[in-house]
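Enquirer: Listed below are the residues making up each chain.
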Amino acid sequence: MPNDPDMNFRVRDPVHGFIPFGQQERDVIATWPIQRLRGISQLAFTSLAYPGATHSRFEHALGTMHLAGMIARKVKLPKKERRRIRLAALLHDAGHGPFSHVSEVPMAILTETAGLLPDGMTTKNLHEQVTVELVLRDSELRQAIPARADREWIAQTLDTRNEHPPLLIGRQIVSGAIDADKLDYLMRDSLMAGVRYGIIDVERVVDCCTTWPGREKQLAITHHGIPAVDQVVVARYHMTEQVYRHKTRRITDVMVQRAAIEAGSCGCLDRALKEAFVFRARSRKWRQAFLATDDAWLLHRFLGQPATSAPRKIVERLRARRLPKEVFGCKLRELGVGAEARQRLQREREQQKDLEQRLADLLGTEPHLTFLDIRSRENPLYRSPDVPLEKEIKVIRSDGSDEKLGDCPESLCNTVKVESEASLHVYAPMDSVAPQHERQPYEDVRAKVLDAIREWFGGWSHVAD
Amino acid sequence: MLLTDLILAVIGEHGSGGCRGRTRLQKLVYFLRKPMGVQVIYQPHYYGPYSAEVAGAVQSLVAEGLVNEASGPSSREGPFERILYTYTLECDGQALVAAWQSRMPHEAERLTNVYRELELASQGIDILAVASKIHHIVSRGPVRRDELIARAAGLGWDVDESEKEKAVDFLMRHHLVKEVSEPSC
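Protein chains in written order, with the numbering used here: chain A, 1 to 465; chain B, 1001 to 1185.
Hints are not guaranteed to be accurate.
As the list claims (entries may be wrong) - Below 20 Å or equal to it, Euclidean Cα-Cα: the simulated DMTMM-like pairs (lysine to aspartate or glutamate) are:
id: 1; chain 1: A; residue 1: K76; chain 2: A; residue 2: D207
id: 2; chain 1: A; residue 1: K80; chain 2: A; residue 2: E112
id: 3; chain 1: B; residue 1: K1164; chain 2: B; residue 2: E1179
id: 4; chain 1: A; residue 1: K80; chain 2: A; residue 2: E152
id: 5; chain 1: B; residue 1: K1034; chain 2: B; residue 2: E1090
id: 6; chain 1: A; residue 1: K331; chain 2: A; residue 2: E152
id: 7; chain 1: A; residue 1: K404; chain 2: B; residue 2: D1158
id: 8; chain 1: A; residue 1: K404; chain 2: B; residue 2: E1119
id: 9; chain 1: A; residue 1: K331; chain 2: A; residue 2: E163
id: 10; chain 1: A; residue 1: K394; chain 2: B; residue 2: E1053
id: 11; chain 1: B; residue 1: K1034; chain 2: A; residue 2: E163
id: 12; chain 1: B; residue 1: K1178; chain 2: B; residue 2: E1117
id: 13; chain 1: A; residue 1: K394; chain 2: B; residue 2: D1158
id: 14; chain 1: A; residue 1: K331; chain 2: B; residue 2: E1179
id: 15; chain 1: A; residue 1: K325; chain 2: A; residue 2: E366
id: 16; chain 1: A; residue 1: K217; chain 2: B; residue 2: E1117
Claimed, not checked - Over the 12 Å line for every Cβ pair with chain B, so calculated as not near, a few chain A residues:
id: 17; residue: N8
id: 18; residue: T113
id: 19; residue: T160
id: 20; residue: N162
id: 21; residue: P165
id: 22; residue: Q172
id: 23; residue: G194
id: 24; residue: V234
id: 25; residue: R319
id: 26; residue: G329
id: 27; residue: R344
id: 28; residue: Q346
id: 29; residue: R347
id: 30; residue: D407
id: 31; residue: D451
id: 32; residue: A452
What the hints assert, rightly or not - Simulated restraints, written as ranges between beta carbons of each label pair:
id: 33; chain 1: B; residue 1: E1119; chain 2: A; residue 2: K80; range: 33 to 41 Å
id: 34; chain 1: B; residue 1: G1017; chain 2: A; residue 2: S139; range: 53 to 61 Å
id: 35; chain 1: B; residue 1: S1162; chain 2: A; residue 2: A292; range: 28 to 36 Å
id: 36; chain 1: A; residue 1: Q351; chain 2: B; residue 2: G1017; range: 33 to 41 Å
id: 37; chain 1: B; residue 1: G1017; chain 2: A; residue 2: D444; range: 47 to 55 Å
Rather than coming from a laboratory, the hints here were simulated on the basis of the structure. C-beta atoms are modelled at their ideal positions from N, C-alpha and C, and glycine is treated no differently.
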């Protein structure tokens, strides 16, 4: 927004060039909840596979604010709402814990174990709830955004549990099918990882943003934007497959989550970690504890554990990039066991632990370094992670008629069909099994693991087919 | 109860003919989510309250071989359901529903009762679609009966007078909304 007289400041960004911002945004950027994001890596341990991907949530927050403002301006929203949308975009990830989404799983488990999980809160939306809590109650943010109406507007927009956002299009711009968040992270993650899958024509996407008629405006695109939006959908697909779901990323995520869960279950969870990871709405003590966390803080907590503790052993391996290998992987259905047994394994952590112990016995590995990873509902064509993108994007034709992107004959979304199906993966530290040059072909190990899994399921004769 | 269990159970209630229409499935889950204690978010969408979570969960159930999705041309006119999707349970899906019913007999009975009431009262898809729009509007806060059509229009939804009346009757009969008289000055 180079001509906007209120944008007195600017910062240079590797993706967008100069990002201009105003005084209030400057005040918000200066608060600790936003500055803290410099220490939260955007892609957790993806840098172990793509060394350049060390960027943080901080620059993503700035980029998202910038793009949200561009879209809001394009659809001619009033100045007051543009300002609020930019602030909401700037703050949208403030609630991320260490290593971004990775810490949401242990936070949800530990909060649930403490009986404090609020209604409707899941691992999918936990960071949103934390964000809402910070927006409404953090003292620095309250000073930077003094109008209570503004803070409530932003909180309601970011809280996707709220079925009645104050301005529907505002939520769609920040967190919708084609939103500023997605546009920024695709470009930024692609650039920093050094891959070319996330290159999109963002100017064209923004230029084609329009509104679907109705007094409460909804975001749509003109039919001229179909190729550019198709590109976004395809970029999301390839980025998911090649970067976000890279096998190294998967195992490192599982390792961090396991370290935190083990710390919780073995009773060696230190006080600071417990205070930060057990979400407590309206608690100042919890907010202070949470805001003290970032990636380095979490690693430090684990490394401060006794040398023989599981969390420390896991994290030492992570630091040295001595990662377990995938020794087995298949679709859950291919195991040939009953649907209820499959679902129980997917849902119940105790069942997973039991199977992990069985596999550790088989492989002669330590149980806390033997990981079961069950992936479900991860269609990369979906929005985060289980919403089909093409069903949510409305295309407006020049004659005023409209249709969903997925129904447009000229859209590639009609041709890309990807099934999402739950799968099971087993990781184990193969270096403890044999040195690399002496390692048996994985097929031998795979066959043994498959037999052991089937045998383990066989113990459930009442539910197996 | 999990969302996926609710979707499987709702499809199961339709029997061998299956649940005809994505919109119908969306609206049934909309009305059953509260009685069944399922946390799922609906937001105003182009043609009524819509849950992306439900859409995603249905696709996952299809992909996992628990639900069969068949599509064919719709005989309906208008903007809805130009392609009609019909959902039926696969054998694995039936087994899961049966297991849930035996594990949670009271919940299963409640679901059947509420489903039957909805089915009996709705006599088709239209009343559910309009009723969900009205319900969504009223759940935001008190609204005068004569303001409902304008509020719906504000969200881009077309509702006419007779549809509105039928929908309000439906919602009141099922205690989903209540009417209170305004105090006179």
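Enquirer: Decide, hint by hint, whether the structure agrees.
Expert: Okay, the hints, checked on the actual structure:
1. Between A:K76 and A:D207 the alpha-carbon distance is near 12 Å, which keeps this suggested pair within the 20 Å criterion.
2. Of the pairs offered as hints, the one joining A:K80 and A:E112 is violated, with about 39 Å between alpha carbons and a cut-off of 20 Å exceeded.
3. Only pairs whose Cα atoms come within 20 Å are accepted, and B:K1164 paired with B:E1179 is accepted, the gap being roughly 14 Å.
4. With a C-alpha separation of about 14 Å, the suggested pairing of A:K80 with A:E152 holds against the 20 Å cut-off.
5. The suggested pairing of B:K1034 with B:E1090 is violated, with an alpha-carbon distance near 26 Å, which exceeds 20 Å.
6. Between A:K331 and A:E152 the alpha-carbon distance is near 44 Å, which puts this suggested pair outside the 20 Å criterion.
7. Between the alpha carbons of A:K404 and B:D1158 the distance comes to roughly 18 Å, so the proposed pair stays at or under 20 Å and holds.
8. Pair hint A:K404 plus B:E1119 does not hold up; C-alpha atoms about 29 Å apart against a cutoff of 20 Å.
9. Our distance criterion of 20 Å between C-alpha atoms is broken by A:K331 and A:E163, whose separation comes to about 35 Å.
10. Of the supplied pair hints, the one linking A:K394 and B:E1053 holds, its CA atoms being roughly 18 Å apart against a limit of 20 Å.
11. Restraint check: the Cα-Cα separation between B:K1034 and A:E163 comes to about 14 Å, which is no more than 20 Å; the hinted pair holds.
12. Taking the CA atoms of B:K1178 and B:E1117, the gap is near 18 Å; set against the 20 Å cutoff, the hint holds.
13. Taken as a hint, the A:K394 and B:D1158 pair is honoured in the structure, with Cα atoms around 17 Å apart against an allowance of 20 Å.
14. Restraint check: the Cα-Cα separation between A:K331 and B:E1179 comes to about 52 Å, which exceeds 20 Å; the hinted pair is violated.
15. Our distance criterion of 20 Å between C-alpha atoms is met by A:K325 and A:E366, whose separation comes to about 14 Å.
16. For the proposed pair A:K217 and B:E1117, the alpha carbon gap of about 35 Å is over 20 Å, so the pair is violated.
17. Against the 12 Å criterion, A:N8 stays outside the reach of chain B, whose nearest CB is about 36 Å from its own CB.
18. Every C-beta of chain B lies more than 12 Å from that of A:T113, the closest at about 19 Å, which supports listing it as non-interface.
19. Taking the minimum C-beta to C-beta distance to chain B, about 6 Å, the non-interface status of A:T160 is violated against the 12 Å cut.
20. The beta carbon of A:N162 sits about 8 Å from the closest Cβ of chain B, which is not more than 12 Å, so the claim that it is off the interface is violated.
21. Not every C-beta of chain B lies more than 12 Å from that of A:P165, the closest at about 8 Å, which undercuts listing it as non-interface.
22. Against the 12 Å criterion, A:Q172 falls within the reach of chain B, whose nearest CB is about 9 Å from its own CB.
23. Taking the minimum C-beta to C-beta distance to chain B, about 31 Å, the non-interface status of A:G194 holds against the 12 Å cut.
24. Even its closest Cβ contact with chain B, about 19 Å, leaves A:V234 beyond 12 Å, as expected for a residue assigned away from the interface.
25. Residue placement check: A:R319 keeps its beta carbon more than 12 Å from all beta carbons of chain B (closest about 36 Å).
26. Residue placement check: A:G329 keeps its beta carbon more than 12 Å from all beta carbons of chain B (closest about 17 Å).
27. For A:R344, the requirement that its beta carbon stay farther than 12 Å from each beta carbon of chain B is not met, with the minimum near 10 Å.
28. Residue placement check: A:Q346 does not keep its beta carbon more than 12 Å from all beta carbons of chain B (closest about 10 Å).
29. The claim that A:R347 is not at the interface with chain B is violated, since a C-beta of that chain comes within 12 Å of its own (minimum 8 Å).
30. Annotated as non-interface, A:D407 brings its C-beta within 12 Å of a C-beta of chain B; the closest such distance is 8 Å.
31. With a least beta-carbon separation of about 23 Å from chain B, A:D451 lies farther than 12 Å from that chain, consistent with its non-interface assignment.
32. The beta carbon of A:A452 is kept farther than 12 Å from every beta carbon of chain B, the shortest such distance being approximately 23 Å.
33. Distance hint check: the CB atoms of B:E1119 and A:K80 are about 46 Å apart, inconsistent with the given range 33 to 41 Å.
34. Between B:G1017 and A:S139, the C-beta spacing of about 59 Å keeps the proposed range 53 to 61 Å intact.
35. Range check, B:S1162 to A:A292: about 60 Å between beta-carbon atoms, so the 28 to 36 Å window is missed.
36. About 36 Å separates the C-beta atoms of A:Q351 and B:G1017, a value consistent with the hinted range of 33 to 41 Å.
37. In this structure, B:G1017 and A:D444 meet the distance hint of 47 to 55 Å, their C-beta atoms being roughly 50 Å apart.
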